Structure formats: structure tokens, C-alpha cells
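K.L.:
Here is how the chains run, residue by residue.
6 protein chains.
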Amino acid sequence: MRDFSIENDALAAQVDDLRWPSARNNFWRALAHDPKTLRRTWESVKQVMAPGALEPKVKEMLYVAVSIAHGCTYCIHSHTANARAKGMTEDEYAEMIAIVGMAAETNRLVTALGVAVDDAFLVDPPQNSGPDF
Amino acid sequence: MRDFSIENDALAAQVDDLRWPSARNNFWRALAHDPKTLRRTWESVKQVMAPGALEPKVKEMLYVAVSIAHGCTYCIHSHTANARAKGMTEDEYAEMIAIVGMAAETNRLVTALGVAVDDAFLVDPPQNSGPDF
Amino acid sequence: MRDFSIENDALAAQVDDLRWPSARNNFWRALAHDPKTLRRTWESVKQVMAPGALEPKVKEMLYVAVSIAHGCTYCIHSHTANARAKGMTEDEYAEMIAIVGMAAETNRLVTALGVAVDDAFLVDPPQNSGPDF
Amino acid sequence: MRDFSIENDALAAQVDDLRWPSARNNFWRALAHDPKTLRRTWESVKQVMAPGALEPKVKEMLYVAVSIAHGCTYCIHSHTANARAKGMTEDEYAEMIAIVGMAAETNRLVTALGVAVDDAFLVDPPQNSGPDF
Amino acid sequence: MRDFSIENDALAAQVDDLRWPSARNNFWRALAHDPKTLRRTWESVKQVMAPGALEPKVKEMLYVAVSIAHGCTYCIHSHTANARAKGMTEDEYAEMIAIVGMAAETNRLVTALGVAVDDAFLVDPPQNSGPDF
Amino acid sequence: MRDFSIENDALAAQVDDLRWPSARNNFWRALAHDPKTLRRTWESVKQVMAPGALEPKVKEMLYVAVSIAHGCTYCIHSHTANARAKGMTEDEYAEMIAIVGMAAETNRLVTALGVAVDDAFLVDPPQNSGPDF
Numbered sequence: 009m010r011d012f013s014i015e016n017d018a019l020a021a022q023v024d025d026l027r028w029p030s031a032r033n034n035f036w037r038a039l040a041h042d043p044k045t046l047r048r049t050w051e052s053v054k055q056v057m058a059p060g061a062l063e064p065k066v067k068e069m070l071y072v073a074v075s076i077a078h079g080c081t082y083c084i085h086s087h088t089a090n091a092r093a094k095g096m097t098e099d100e101y102a103e104m105i106a107i108v109g110m111a112a113e114t115n116r117l118v119t120a121l122g123v124a125v126d127d128a129f130l131v132d133p134p135q136n137s138g139p140d141f
Numbered sequence: 009m010r011d012f013s014i015e016n017d018a019l020a021a022q023v024d025d026l027r028w029p030s031a032r033n034n035f036w037r038a039l040a041h042d043p044k045t046l047r048r049t050w051e052s053v054k055q056v057m058a059p060g061a062l063e064p065k066v067k068e069m070l071y072v073a074v075s076i077a078h079g080c081t082y083c084i085h086s087h088t089a090n091a092r093a094k095g096m097t098e099d100e101y102a103e104m105i106a107i108v109g110m111a112a113e114t115n116r117l118v119t120a121l122g123v124a125v126d127d128a129f130l131v132d133p134p135q136n137s138g139p140d141f
Numbered sequence: 009m010r011d012f013s014i015e016n017d018a019l020a021a022q023v024d025d026l027r028w029p030s031a032r033n034n035f036w037r038a039l040a041h042d043p044k045t046l047r048r049t050w051e052s053v054k055q056v057m058a059p060g061a062l063e064p065k066v067k068e069m070l071y072v073a074v075s076i077a078h079g080c081t082y083c084i085h086s087h088t089a090n091a092r093a094k095g096m097t098e099d100e101y102a103e104m105i106a107i108v109g110m111a112a113e114t115n116r117l118v119t120a121l122g123v124a125v126d127d128a129f130l131v132d133p134p135q136n137s138g139p140d141f
Numbered sequence: 009m010r011d012f013s014i015e016n017d018a019l020a021a022q023v024d025d026l027r028w029p030s031a032r033n034n035f036w037r038a039l040a041h042d043p044k045t046l047r048r049t050w051e052s053v054k055q056v057m058a059p060g061a062l063e064p065k066v067k068e069m070l071y072v073a074v075s076i077a078h079g080c081t082y083c084i085h086s087h088t089a090n091a092r093a094k095g096m097t098e099d100e101y102a103e104m105i106a107i108v109g110m111a112a113e114t115n116r117l118v119t120a121l122g123v124a125v126d127d128a129f130l131v132d133p134p135q136n137s138g139p140d141f
Numbered sequence: 009m010r011d012f013s014i015e016n017d018a019l020a021a022q023v024d025d026l027r028w029p030s031a032r033n034n035f036w037r038a039l040a041h042d043p044k045t046l047r048r049t050w051e052s053v054k055q056v057m058a059p060g061a062l063e064p065k066v067k068e069m070l071y072v073a074v075s076i077a078h079g080c081t082y083c084i085h086s087h088t089a090n091a092r093a094k095g096m097t098e099d100e101y102a103e104m105i106a107i108v109g110m111a112a113e114t115n116r117l118v119t120a121l122g123v124a125v126d127d128a129f130l131v132d133p134p135q136n137s138g139p140d141f
Numbered sequence: 009m010r011d012f013s014i015e016n017d018a019l020a021a022q023v024d025d026l027r028w029p030s031a032r033n034n035f036w037r038a039l040a041h042d043p044k045t046l047r048r049t050w051e052s053v054k055q056v057m058a059p060g061a062l063e064p065k066v067k068e069m070l071y072v073a074v075s076i077a078h079g080c081t082y083c084i085h086s087h088t089a090n091a092r093a094k095g096m097t098e099d100e101y102a103e104m105i106a107i108v109g110m111a112a113e114t115n116r117l118v119t120a121l122g123v124a125v126d127d128a129f130l131v132d133p134p135q136n137s138g139p140d141f
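Chains as they are written, first to last, in this note's numbering: chain A, 9 to 141; chain B, 9 to 141; chain C, 9 to 141; chain D, 9 to 141; chain E, 9 to 141; chain F, 9 to 141.
Rather than coming from a laboratory, the hints here were simulated on the basis of the structure. Bear in mind the structure is a predicted one, so any value in this text is a computation, not a measurement. It is possible that some hints are incorrect.
Because identical chains share one entry, a pair is satisfied inside a single copy or across any pair of copies.
Unchecked claim - Capping the alpha-carbon separation at 25 Å, the derived lysine to aspartate or glutamate pairs in DMTMM-like fashion look like this: (1) K65 to E100; (2) K94 to E63; (3) K65 to D99; (4) K65 to E98; (5) K44 to E63; (6) K94 to E51; (7) K54 to D126; (8) K44 to E98.
Put together the whole structure using the sequences plus the hints.
P.N.:
Shown next as C-alpha cells:
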């Protein structure tokens, strides 16, 4: 069994080095078994969730929506808490839940029926190719 | 083989009855094989995506995020088009994609590590019980 | 924290209005936080699961099979209970479970191998287009 | 590149040995790169889909429902063709599709809301333990 | 309620017949409600996990990786235990977890962006067709 | 429509800056619409797939296995090509595919049956808690 106690100097050192006071939850602690993955994931989440074009609240709600689709109970709880802390109201929460359910239904209907993408939707598609170098 | 031509009076009638001029895309046409499911799904999507507490643009982005997680190419295209039509910028699109990817990664890390939900996240949990009647 | 007690008049009213004596389980109670979604989902499930071309028992078994694939423990339990109440025998239950497992295996094998759809399967395909209006 | 031509004696031999005249579709041919997996999968599918307590048509419909949830286009096509060959009507097909969509929606709503399993559903649960030997 | 006690002669007989002393865990016991599926699954797992070209440890790690993607907690636990018993080190475990997370992220990014397969990857593709007989 | 041509100086600059000669495939080019995500993802994949405790070939195979479970065709192709380039034989490929299919089957059987984790598997569980600081 590995030693996760605070007396484990190597672990304590890398945690101190990270300085993540607000992140002492079970997820980051579970990742502490692998300092490299802990640090990379921490830096990545910080970049992705940093203030940007989208409201912080909306960013957390997108995180929750994906976590529901992937069936991650922990992630649903933690990012719902985050979304609420960043201003999500109960009405917004209810609307988000309803959209996730509705999307799940039409996603499966579309897959079942093998619906071909309309040309109209391809006029300005998600960019799926880069520069021609 | 069923008859989906416009000469099919029963089908034409139910389509006219629905009056869905803006929805003549392949999804609704594919659902036309089942008028009851077509109507119910149409009414449900209308209710869920109607103006509410969340911006229409955000609603469409939540729809796209779930559709990516479920692997529905058609839905990704159609709701990305909708989101753009409702004002989603390229920067917002890029941030949304990044969040979906990041959530997928931590969702699976959490599942892999079997992380238990922190008590702190349960203070104001998603409501999972109703009145005690 | 929201008030879900029976003394909550608004909630009690909308529940009474729905008249869902047989549905006082945790799912519908959890949805009671959002009367609009509760009512729409209730009406939709009623339509979809109503007596039709398929036996009620078979309908519930299809619901269970999808719920297993989506990893929804609650749904597996509730619709298995429903299927049994509607006549599913233990042998039918065992056969259903075996099919779900088998399908999962060949689904992934097909995805892994990138198998192209045989022309023969396209002779009478799922309808993926509607009227040409 | 491996040799899948009929002149490949080893392959031809194992295929002849299997005697699968009705199964010369792309799936079984793709599996022919691995005779052991081909034979095991073939024997397993035969056992699972053999006449039993459930109607052959219902068995194929359960297969389709799971394949939709897993997003396997090939499997949706092949087992829909099978289901039709075994008597599935268009009305039954439409009802099945609607159930898959509905289940997807409530599956995700339940996951989102973290609904606890009702005691009533545990009275006669799926057997999750065996003999105490 | 079915009788899973050791006094159930039919069950005891089929279990004895299988002679699976090392497999008295909850999975095989749960499958004991269906002797035919129990035996087929047992024989299949034995074939798939038998010593072959891949190290036993690697085989178990592939099993764990898939189980994480499918959200099967039991399977994650049981096959992680197996992988450790067959020599997986903590460093290998950490690397595996990191790969599963990374793959989940790029899987979803690719789906989101609708990336087309490069011709270079098709030079020596997974075999998706068999002999032309 | 955004400009992905090589004449787009900003894009050309960030691509040059990255120096990713071996990575000029469609995935990285698709990500070029978002330089920040491109760079972060590139650095992350480099870290995760770098030489470590596991063989490079095994790392790629784990990537393929997860990509199959998530239904990402592009990722299956690209990482299968990588695995072959790093020494995966046809026999190893066949064994990997068989394991993915088998895991999918037992994953769903376990979920269907609600199998509880054996105590024995918890003796040396995946670490799900960190230091107690």
C-alpha cells in the first residue's frame, strides 16, 4: 500500500509546490499518486476554465452536461457546486438538465434513423481541416 | 417500402398540420415515418429550447456538448449551426470544445480512481428527492 | 435549499394536478423541482409506453436494455420491476441480459474493425429521409 | 497486408469448416482475420439468438436497441434487417425507436439528478448474488 | 425469489460441473442464475485471456482501460486486482490511467471537430473485409 | 469562414513555433483553429505517450482500446497505425480486439446484474484518497 500521509515528504513537497489551497478535494488528492499527471491535469483545467469568452458559470454548466452524458457522479456534483458558486440559478439548472435529457433523446433517434447531415449545416461547419502546408 | 412522397396524403396532411416551415431538415423528415413521435418530439424540443433563464446561444451549446459526448455527428452539425445563428463566436466555440475534451478526460480519471464525492459538494446537492407525501 | 415538503402549496398543487398515484417513486419526485419538465416527461413516457403494437412486457425490456447500455442503475431497477409486473419470466430476463452483453461485444468488434454496411442491409433500410416537399 | 483471398488455403479451410452459408456478410468476413475469435463469436451469437423464451423478432429488436445506444451503425442496419426478416412491422419498429429515445432521455435525467433506487424496486431485484458456497 | 442456496441441487451441480475454484467471486455467482450464459462467458473469458502474444499483465490492463471507458466499477476493481497479481507496477498503473484520460479527451475533440481520417492511416488499416468468396 | 491557408501569418507563426513535423495530420491541423488548445493538447499527449514504464507499443494499444469504446474512428485508425509502427504484430492486434469485445460484454453483464465489488478486490484498491492534510 502506498503512503499518502503528510509525513510522506516527497508527496508533501510536490503538493506544496503546486500551491492548490482551493483544490483540496478528493479528485486532486486521488491524483496525487501521480505527481506528473496531477500537475498536468491541474494546469490544463486551469487553462480551460480560466475567464475567457464564455461566462465562468456557463463553462461549469458545459462541464456538468458532459459529465452527465459520461455518467460521472463525482464530476456532476463537483461542477454543479462550482456552477452554483459562480451564479447558476435553480431555473438555469433546471433548463440545463432538461436540455441534456432532450439532447440524449434526439441523439439516439438520429443514430437510430441514420439521418444524413443537411447541406445547409455544412455551409459553416466545425473547422475540420487546417492550413494546406 | 413506405411512401414518403408528397403525394402521400396522410403524411402531407400531418406535416401541414404541424406547420414547421423552419424545421424542414433531415431529422424532422426522418421522424415523419412516425407522426406521433414527430409531433411529441417537436413539441418537446420547442419547450426545452424556448427562451428562458439561459441565453438561446448557451442552450444550443449545451446541446452540442452532449451530442459530442454521445457521438452524434448530425446533432453536432445542426446544433453548432443553430448556436452560430444565435450568436456563438469562434472564441466561444473553441472554449466549448476545449471544455468538452477536458471534462471527458477528468470524467474518466475520476471513474478510474473511484473518487468519493466530497461532503462539501453535498451541502447543496442536485435535488434527488421530492416531497414526502 | 428548496422546499419539497407537502406544505409547499405550489408543488402540492402541481402534483395533485398531475394525478399520478402510481408514479410516486423517486424519479418523478426528483423531477418535481421542475414542474414543466415533470409534466412533459410524464406525458411523453405515457405516450411511448402506452399499449401499442408491441407487448407492454417487451416495451419494458427494451427500456431495460437501453438503460444497461447507458449505465443507469435506477432505470435498470425500475424498468426491470415494471417488466416483471407485466409478465417477464426469469427465462426471458436471462435471455435479455445475454443479448445485451452479446450486442455490446459485437458492437465494439464492428467499431474496432470498421466494418462497412453490406448492400443487402440497405435494401430495406431504416427510413432516413422523408417526403421531398 | 494479409491475404484474405479465397486462394488462402488456411482461411478457406477454416471458413469451410464453419459452414456459415447464411453469414457471408462483412462482419463475419472482417472477423476472419482471427479464426479463433470468429469461431467463438459465431458460436456465442448462435447460442444467444437461438429460439428460446423470447420471440426471435424481439431478440433482434433488443439487439438493435443496444446497438443504437452504443452507436454501432453497422449493427443497427444488420439487426434491423434481421428483425424485419423475422416479422417486425413498421409500427413495431417505430415504437422501438421511440422507446430507445425516451429511455436515453430519462437515463440521463436520472443520472443528472442522482435519483436513489426506491425500496419497492428492490423487493425482487435483478439477482446480484449467487449461492453462498 | 429464486433459490441460490447451495441446497439448490441443480445449481450446485452445474457449478460443480464447471470446476471454477478460482472464480468464486460475485460476478460468476451473479451469472449463476443462467447456467448457459455462465458457462459460455466463462469459456469465452478463458479463451480471450489465455496466454498468447500479449503479456497477461497487458491483457488485464486493456480490460481495465475498456472498463473505465464503459463506467463499470466492478470490472475496474476486479481486473485492476488481476493486473496487479500479474505484475503491473504502480508506475505502469499510473501511466495506464493517464492514457485512458488522454484518449478520452482527444476522442471527444476529434468527434467535435469531425476530423477526416488521413490517407496515411489507411495504408495498412484494420482489416475490414475478408475473402471475396 | 476562417482562413487556414499558409498565408495566414498568425497561424503559420504558431505552427512554426510548435515545430511538429511528425504531426502534420488532420487532427493537429483541425486543432490549429485554437492555438492554445493545440499547444496544450500537444504537450499533454507528448507527456502521456513518452517512453516510461510501459512499452510504447502497449501505450498505443491502450489508446486504441479506449478509442474503440468511445467510438472514435479517426483515433482507432491513427493509434492503430502508431501501434503497428511501434511493433504491434497481427497476433497482438487480434488479441487486443478480442479483449475489447469481451470486456464490453462483461461490463454490460455486470451493470445489468448490479454485481457488488468483492471485498477481496478492495484489499489493494485503486488509490481513491490522498494525504490527510
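K.L.:
Decide, hint by hint, whether the structure agrees.
P.N.:
So, going through the hints one by one against the coordinates:
In this homomeric assembly, K65 and E100 come within 25 Å of each other (Cα to Cα) both inside a single copy, at 10 Å, and across copies, at 13 Å. Within a single copy, K94 and E63 get their C-alpha atoms as close as 9 Å, and across copies as close as 16 Å, so both meet the 25 Å cut-off. Within a single copy, K65 and D99 get their C-alpha atoms as close as 13 Å, and across copies as close as 16 Å, so both meet the 25 Å cut-off. In the homo-oligomer, the alpha carbons of K65 and E98 lie at most 25 Å apart both inside one protomer (13 Å) and across protomers (19 Å), since each shortest distance falls under that limit.
Taking the shortest Cα distances, K44 and E63 sit within 25 Å of each other only across copies (18 Å), while inside one copy they are farther apart (30 Å). Within a single copy, K94 and E51 get their C-alpha atoms as close as 20 Å, which meets the 25 Å cut-off; across copies the closest is 30 Å, which misses it. Only between protomers do K54 and D126 lie at most 25 Å apart by alpha-carbon distance; the minimum there is 20 Å, versus 37 Å within a single protomer. For the identical chains of this complex, K44 and E98 are inter-copy neighbours only, at 13 Å across copies versus 38 Å inside a copy, given an alpha-carbon limit of 25 Å.
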